[in-house]
Structure formats: structure tokens, C-alpha cells
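S.K.: These protein sequence lines are chains A and B, in that order. Here the first sequence stands for residues 39 to 220, where the numbers follow this note's numbering. Here the second sequence stands for residues 39 to 220, where the numbers follow this note's numbering.
Treat the hints loosely; a few may be bogus.
Unchecked claim - Under 10 Å between C-beta atoms, here's a sample of chain B residues computed to sit facing chain A:
1) Ala55
2) Leu117
3) Gln125
To be verified - Heads up, incomplete: computed chain A residues facing chain B, CB under 7 Å, no partners named:
4) Arg50
5) Gln80
6) Asn81
7) Pro82
8) Asn149
9) Glu210
10) Leu214
11) Gly220
Everything labelled a hint here was simulated from the structure, so no lab data went into it. The structure displayed is predicted, hence computed values, not measured ones. All residues carry an ideal CB built from backbone N, CA and C; glycine is no exception.
2 protein chains.
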Amino acid sequence: MLFNPRAIQHCRACGTAVEYRVPADDNRERAVCPACATVHYQNPINVVGTLPVWEDRVLLCKRAIEPRYGLWTLPAGFLELGETTEQGALRETDEEAGARIDLQGLYTVINVTRVGQVHLFYRARLLDPNFLPGAESLEARLFSEGEIPWDLLAFRTVRETLRCFFDDRRRERFELHCLDVG
Amino acid sequence: MLFNPRAIQHCRACGTAVEYRVPADDNRERAVCPACATVHYQNPINVVGTLPVWEDRVLLCKRAIEPRYGLWTLPAGFLELGETTEQGALRETDEEAGARIDLQGLYTVINVTRVGQVHLFYRARLLDPNFLPGAESLEARLFSEGEIPWDLLAFRTVRETLRCFFDDRRRERFELHCLDVG
Ligand SMILES: [Zn+2]
Ligand SMILES: [Zn+2]
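Only chain A is shown next, with the shape it has when bound in the complex (with noise of 0.2 Å):
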């Protein structure tokens, strides 16, 4: 799913079909509306989820929905307007696998370039190992590092978290890791 740098057809302000040029104190084509002057703007968006952890398992996800319909996620999604990057990381992590948990910082920020996203995955402490799963997953588990279903994961930026987790785990010293999956 790339991005459509052209997505706008139409002024979200009068409806009138929109051209493509770069205004006026501008460097960029932008969408501008030939008949209000509005100009639109589009600009990457940010996933936001966690890493959440009971002993010595992560929790993971397995979607009930497209895309990646019964692939392995952690919990995550887009950030939503009126919340903070933390209040969205837990209210996915509640909505995805009704999970309790404390966010523990932020770990990973991805840049995922090609689909217009910026990825913040936060490690979180599970409060108790019992999830209750919602209407976009199948299930929700937890995994050890022996056990993680590496061929079977939604997204990159999800293989890469983990994989700094686990490295980091090993050296036992967790730190910020910043990454782009191009």
C-alpha cells in the first residue's frame, strides 16, 4: 500500500476539483483549489504500539483484519487526533488484546518511508498474563523468543522491534532505537 501522493481529487473546503501545483512560497505540488484557494496538504502519519511483556514472553497479536488478515502484530495503529503517542500506544494495546500494561519509554521510531508512516513502538510491563482479544484480532498470546512466528509477521517495523528487543534483552541494556524500512 503505497501512498498516493495524487489522493486528492476534489476540495475538502468547496468541493471544486482541485489542481496540482506548487504554490506560492512553496517548494512542493501541492492540491490547490482553483476556486477558494485552499491548498491541501498531505504529510506522513504515526502508528503508535507497544512491546508488552510478562517475564520472559512478548504478547503478540494475530489480526482479524486485512491487511495481513491472520499474520502476528504487535498491538499498534494510527494515532488518533485529541491523544498523546502514549494514550494511543495503550488504547490499542486495550482495543487489539484487551491487555492491562505500564508503558515503559519509548523504544523504536521507524520511518517507513514508502507507505507515509512513522512507526513509535513503547516497551509496557503486562499487569497479568490475561487478554481478551477484540474485534480485530483472532487471538492474543504470549511468546517466547524460541517461539516467535518470524516468517509469519504483519509488518516489518514489528520484526525489527522485536529483534531489537531481544538483542538488547541479551546485552541487557534496553536503549532508543531509531531505523528506517525504506
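Go by the hints and put chain B with the ligands onto chain A.
M.R.: The following block gives chain B with the ligands in isolation, referenced to the frame of chain A:
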């Protein structure tokens, strides 16, 4: 400038007037097109910038544009599609200050929920102390801690990032800071 949760009045795909309602399988009100069923999402956007340092001084730019014309800021602006957060931070530093820098890592991640933004600042090392401010800046210059115009800073996230920097420098330990300024 609060975000407007109902900024979308017409469908971007076909121009029909949208209706605000909660789509099936969703739990938030969205702008939905009654003609073509396009659902329009609005999400927080990222502002990326740098805190460039030369010896004991930091670089600030005097804004030549609204909002906050004439006030001082760290180089920063909206992340664009197709670039990473690091590339965006470098681009803004070049556009606003004409400054050559090496990035030194993500330093602050600040939620500004009131305006639907997440601000990410990188620490940076200036490669030389010569600047060429672009059209968005009246001036670019270096300030020691005692010279910072605290009452003439353009944004709270700039103030917080500078405060973290001078505190960390005194403690001789720089670490990631995640904050919410409401
Ligand atoms: Zn218009
Ligand atoms: Zn439509």
C-alpha cells in the same frame, strides 16, 4: 491554532458534501461520503527540527513568517511525504538557517495534542558557524545559555527542548525526553 475536527466538508474523491458519522467497524466520527463511501481520516502530523550546537552556543532563527513572526525558534517544520524524520529535520535546518550539520540522535518527542501535532527534535553538531537564512527567517544566529531570549521564543516545544538541553549539559548526560505540552 486548534485543530478543526470537522475541517473536511467535501469528499476528496468526488466532491460531494460529506456527512459526519461513526463508520461500521469504527468507534470515532469520520467524514464519510454519502455518494462514493470514501471515509476521510484526520490524524496528528509531525513537526521535525534540530537543536544545532557550535561550541557552547545553540542556533536560533528569527521567524519571517506567521505564526509568531519576529519570534525565535529552532529550525523546524512539517515532515513531508517521501522523507524520513531525519531527512526532514536536515531539510528544515537547511531551508531556515542554511546551516550545515551532523545529526546526533533524536532528543525530544513532544505531543502537542491541542493542535494535533507531534514535534521531534534532533541534537545536531554545526559543521561551521556560517549561516544563510532562507526566506522563512529574518536572521539566524548563535546564542549562549545566558543570551537565550526566553520570552521571545516562538513555540513551547522549542522552549522545552532548549530547557532539556541546558539541564542535560549541566549534568553531562544527554538522553531522550518525551513530553506532552497539552
Ligand atoms: Zn475550494
Ligand atoms: Zn465521494
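S.K.: Now tell me if each hint is right for this structure.
M.R.: Going down the list of hints, with the structure as the test:
The restraint placing Ala55(B) at the interface with chain A holds, with a minimum CB-CB distance near 7 Å, inside the 10 Å limit. Below 10 Å, beta-carbon pairs count as interface contacts, and Leu117(B) has one with chain A at about 5 Å; its hint therefore holds. The beta carbon of Gln125(B) comes within 8 Å of a beta carbon in chain A, closer than 10 Å, and the hint placing it at the interface holds. About 5 Å separates the beta-carbon of Arg50(A) from the nearest beta-carbon of chain B, less than 7 Å, and the hint is met.
The closest approach between the C-beta of Gln80(A) and any C-beta of chain B is roughly 6 Å, which is under the 7 Å cut-off, so the hint is satisfied. For Asn81(A), the suggested interface contact is upheld, since its CB lies about 4 Å from the closest CB of chain B, less than 7 Å. Using the Cβ-Cβ criterion of 7 Å, the hint placing Pro82(A) at the interface with chain B is satisfied: the shortest such distance is roughly 5 Å. For Asn149(A), the suggested interface contact is upheld, since its CB lies about 4 Å from the closest CB of chain B, less than 7 Å.
Violation of the interface hint for Glu210(A) is found here, the shortest Cβ-Cβ separation to chain B being roughly 18 Å, above the 7 Å cut-off. Taking 7 Å as the C-beta cut-off, the interface hint given for Leu214(A) holds, the closest approach to chain B being about 5 Å. Restraint check, Gly220(A) versus chain B: the minimum CB separation of about 9 Å is more than 7 Å; hint violated.
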